[in-house]
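Place chain D on chain S using the hints.
Going down the list, the sequences are from chains S and D.
So the first sequence is numbered by this note's numbering: it starts at -2 and just counts up by one.
So the second sequence is numbered by this note's numbering: it starts at -2 and just counts up by one.
Any given hint might turn out to be false.
Chain S residues, not near chain D, derived (Cβ > 10 Å throughout) [what the hints assert, rightly or not]:
hint, residue
1, 5
2, 54
3, 207
4, 342
5, 473
6, 488
Derived DSSO-like pairs (lysine-lysine); straight-line CA-CA distance at most 27 Å [what the hints assert, rightly or not]:
hint, chain 1, residue 1, chain 2, residue 2
7, S, 411, D, 397
8, D, 328, S, 393
9, S, 300, D, 397
Simulated from the structure, these hints should not be mistaken for laboratory data.
Ideal Cβ placement from N, Cα and C applies to all residues, glycine included.
Number of protein chains: 2
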Amino acid sequence: MEKVRTAEELAAQQREISVAEFFEKNRHLLGFDNPSKALLTVVKEAVDNSLDAAEEARILPEVFVKVEMLGEDRFKVTVEDNGPGIVKKEIPNIFGKLLYGSKFHQLRQSRGQQGIGISAAVLYAQLTTGKPTIVESKTSPRGTTKIFHIKIDTLKNEPEILKEDEVKNGLKHTGTRITLEIEGKYVQRYHSVDEYLKQTALANPHASITYISPTGEKHEYRRAIKKLPKMPKAIKPHPYGVELGILMRMLKSTPYTKLSSFLQNEVSRVGSTSAEGICVLAGLELTRRPQDLTHEEQERPLKAMQKVKLMRPQTDWLSPIGEKNILEGLKNMIKAEFYTARTREPVVYRGNPFQIEVALAYGGELKEKQDAEIILMRLANYVPLLYQASSCAITKAVTKTNWRRYGLEQSGGKGMPHGPMLLLVHMASTWVPFTSESKEAIANYPEIMKEIKLAIQDCGRDLLRYIRKQARARRESRRLDIFQKYLPLVIENAEILAESKKKHNIEPILEKVVNADLIEEEEEEEIVGGENEEE
Amino acid sequence: MEKVRTAEELAAQQREISVAEFFEKNRHLLGFDNPSKALLTVVKEAVDNSLDAAEEARILPEVFVKVEMLGEDRFKVTVEDNGPGIVKKEIPNIFGKLLYGSKFHQLRQSRGQQGIGISAAVLYAQLTTGKPTIVESKTSPRGTTKIFHIKIDTLKNEPEILKEDEVKNGLKHTGTRITLEIEGKYVQRYHSVDEYLKQTALANPHASITYISPTGEKHEYRRAIKKLPKMPKAIKPHPYGVELGILMRMLKSTPYTKLSSFLQNEVSRVGSTSAEGICVLAGLELTRRPQDLTHEEQERPLKAMQKVKLMRPQTDWLSPIGEKNILEGLKNMIKAEFYTARTREPVVYRGNPFQIEVALAYGGELKEKQDAEIILMRLANYVPLLYQASSCAITKAVTKTNWRRYGLEQSGGKGMPHGPMLLLVHMASTWVPFTSESKEAIANYPEIMKEIKLAIQDCGRDLLRYIRKQARARRESRRLDIFQKYLPLVIENAEILAESKKKHNIEPILEKVVNADLIEEEEEEEIVGGENEEE
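Extracted from the complex, chain S is given alone in its bound form (with noise of 0.2 Å):
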């Protein structure tokens, strides 16, 4: 007989699970379900934080990366910047603890944002070779450069720490060098750490990067800007965005002791006179002690904030790329016949800022694949996304977008457009939404939709009436040969035609020839489609 399982047994095989523990076991969920894109995803994670904590001490990144390969599918990959470094308490922490970091608790634009990314690697190095992760440190130019061996206690998610040393002649300047060995897989073309680097240059015109392939080339790319974008500063949650379940938490943690500071302190776009609003409408006194309300008081000044009219979230804190600073990396990195960009202004999604930037090239060396689909690239917050092109909410606008309009073919007039362009697509914010914790795809908020849209469709029309000029060029060439052809004849033969002048109406039977010449180029190039936007 079966046997039958008691509360009592059942309860004696819960337990805790360490976050560590469950990402060890779901690393799909950070992007390391296969050798290659685990390749990728750490030289990404590794890069990413390199170049945030340059930018956040206003360096300019120079970033060094160099992956070698020490066997079929095992690889040393090791990252250096010229950033501030890290104080040597902070080192264990940051790299042998997954959920720690600065960036969490901050609404403030920035590549890491979840505190999981270089810990997630080191975790990924240790499950494949079982070799801990080496980080070289130097925070002050002549100071000394701390060097820790880390690996990650999976059970407790805490940092186990295998040597610590302190040398004096290590790292040249301040910054970080990162040493990590992992089973991979090295690819050359799509979704590889060469195209992801491209691509970060690109995003990344005031930064540095060398980069020495397992192949053993080496690509530098040279800053383009030698200007920091300018610091995106943090803000405090909107009202209109904020959630009664975190509202209720900070008016119970908050320092201030009446209601009436709380609004104008721990929220963004709250004055006194708004404060005195919002508690005029809960009912409840400007001198209320915000740690004392009710559950049911609680609830009270979240729906009078949404009742009260409040300016919309900063969202001049963003730093976009720039369309000056993207027109320029594209032109460094592909000879076309035509670029455009546009950087929206910034809007928001429940509560968050955002931006969206969108910019195109079109024919030149491109023509190589005339009738290929474009080449899409996606950015969030300066990084390129390679990996789940499909559930990205830029794959989704792009494949939504009627091409047509814009003189690209697309059949059906929805799906991938096909055409010698490329076409990029930044979203700047102080919260992706990402689909997953490995940062692949941006999910799909109406509004962010419609940014996206918005931002093709401008760019569009300016390609629309580039591939226009080019058209009316190529015809009005086109006219001045046939003048040129019939000229001769009609000056030879201008006696013939004046006596049959006097006989026929003879004008419509040349206009006929001409134009018959002019036709035919015309259904070679294909008129492109007119210009009805909305939809």
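Positioned in the frame of chain S, the structure of chain D alone reads:
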């Protein structure tokens, strides 16, 4: 001038992130991206837990689900089961702590696996309505009912008990009742609670489910069979699938003091002979203390394990729904003309046993939408998957199958087929590789894709046979019609025919007349494709 930030200032912002905070901010990862999905997810997590609990205690499950509308976007969800109940001290952790549970650390087929689901629902409730979740549970028929009002302290990921009670006249039988108040939206068609429960009843013919919808309708799904599915057993990791990092951890924490006993007890399919073989190949003594191995030595048994011939992982401990039960369920649910089902033999991906089942219903009631896409039902460990269809291995396998070979319409031989058919695909496994924490889609492992395609082909062949038989039957009956149509004529004109026959060969002429009728008919039917399976 801009302020330069030093390593020390940056360090001051470093902080630990609680897993509850992480998911609070990333709630879309848990299936709470929008109000209608959130309502479904809450019901799903509670029902999955109820079914798991009853089955683990070998009780035929009775689940009661009630969804009440409290306001335009506010709902109260109650789910009650007849399981064994939960012991008092475990209640707060199970409902008030993310990453806590009994299923994560076992390799055993179950609906829950990550220890996130139900506490995520509690988190979502407090985030949107600020309300605690009420849990009532009774573990012995004549015992008291324990009542808890629980929230999650998100900063610590610890349960916060707002109220605790114990009453005599609580639940009528052992089991658990959970009540949550959430923001949500009720939809009645696709992706709805209604649809989820209907499919759950189909996949769990041994369960009785009563559902009272927000509109007050009562749906009763009575159990179709009175026998529980066999109890899946937990297995140990198989040497072929284990990763270095995991093995190192196991070696370090094992209670066994000899390498040989470690191998025989902590991984599966290793007996004393294989254990010896592994040790010899690894150049390690049988009596070595596993805990004392150096890093380099730890790698050796892993490599040796891959070389020793071992039996494949136990697969007989999976519990599929079974062909008979699925057919029973399908017949209950839909009146079709033709049904077929196939449960394939268990196989393995990355060391994890899994088993694919496919069933289909064709024609009958389904003919109402003859030309529409087929209905696809995806299931994992008895649980219907309603979202993220396009990222799921099941959908991919279906759309990559050439359904024209099996008599369905499909544009270009790929994509979703069209026709009066419902197709069900179920994956049972000790570890289903979901693409996100919300467990809505199965990751795209080649071994899994292959098995699904093979199972589809099995059922497809049955379908083709049926469709052909039908076509043949229609042809035969038409032949009879024609015979009956011409017979009187033949008889009437027998004399004339006899005369003609003397002069001409009239048989071919008559055949032509009769065949013309038949061909017309056949063209209407369209001949179904050949069965050239291998791709």
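Hint check results:
1. 5: With a cut-off of 10 Å, residue 5 of chain S comes too close to chain D, as the shortest Cβ separation is near 6 Å.
2. 54: With a cut-off of 10 Å, residue 54 of chain S comes too close to chain D, as the shortest Cβ separation is near 5 Å.
3. 207: 23 Å, holds
4. 342: The claim holds: residue 342 of chain S sits with its nearest Cβ about 24 Å from chain D, beyond 10 Å.
5. 473: Non-interface label on residue 473 of chain S holds, nearest chain D Cβ at 42 Å vs cutoff 10 Å.
6. 488: 59 Å, holds
7. S/411 <-> D/397: It holds: about 21 Å lies between the C-alpha atoms, which stays within 27 Å.
8. D/328 <-> S/393: Violated, because 39 Å separates the two Cα atoms, which is more than 27 Å.
9. S/300 <-> D/397: Measuring from Cα to Cα gives roughly 50 Å; hence the hint is violated.
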